[in-house]
Amino acid sequence: MRSSLIIISQIFEIIDIDSTSVIMVTNKKIAPVSRLHLKKSMESLILHFKFMSEGFFLPLSENYIGVEAPKGEFGVFLASNNLSNKPIRCKFRASGFYHLQGLLNMSRNQFLADVVTIIGTQDIVFGDVDR
Amino acid sequence: MLFTFLDNYNSQLSYRKLLYILKLFLEVLFNKYALVCLLYQNFLSIYIINNQILKLLSFIKNHTLLQFNSLIDCAVIDRFENFFRFQCNYYFNSITFNSKLLVLTNLIEHDTLHTLTHIYSNTLWLEREI
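Residue numbers (our numbering), protein chains in the order written: chain A, 47 to 177; chain B, -11 to 118.
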């Protein structure tokens, strides 16, 4: 907790309201153009239109990133090819999905009434499982 | 030799060391199946022919120096423009050595992939949502 607060205070020192380029990427093909430049230069207007309408193309790759969530690991899998600006495969690994799968082993040789308690213990969100 | 190795690397295996162990064992076991270990998508990864995957995963799970005994996720990508149309990715986690692993296989259109349910029991639902 304390170290995360220190990190936040260090970030606040970097952030300056006048210059946003310190935090954001300077390549305007993958980052939106500032509103101040939009009304002054033609080039910024073109870049803004291209970014907002078309987006950007990623090279052929795929990646999986897992984030620590309260109920387990929450993972996102994305795959792209260099032909489109949208991912060709997108999968979300919800932690509740694995807990619901374990219900079979947890409720074996138990009463039907115990299933309600087990589901309550696992704290399953069915919208999360069905993602 | 094994115990001195375990004493040194009990808490955390560095990627370079893990790569070395994997190469050492896998070159002996799966030599003729053109297996490659490389750092791909920030994961230590193994590429393997699809009919050898059961042999590899049972080895990875049960070996003392690896212990990749939890399967995090598996996903298939359909790259319809390629000859190897489907690419199957398995992501593993080793809690004892604090490291992750990716196993890749490529499949053509009418290939089949064996189920992993008797090695990793959580693939029972995962393979239905693949």
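It is worth saying that the hints were derived from the structure and are not from the lab. Since the model is a prediction, treat every value here as computed from it, not as a measurement. Take these hints with a grain of salt, some might be off.
Residues on chain B that point at chain A, a partial pick, calculated with CB under 8 Å [claimed, not checked]:
no.	residue
1	Leu42
2	Leu44
3	Ile60
4	Asp61
5	Phe72
Ideal placement from N, C-alpha and C gives every residue a C-beta, glycine not left out.
*Which numbered hints does this structure break?*
Checked against the structure, the hints that fail are numbers 1, 2, 5, while the rest are satisfied.
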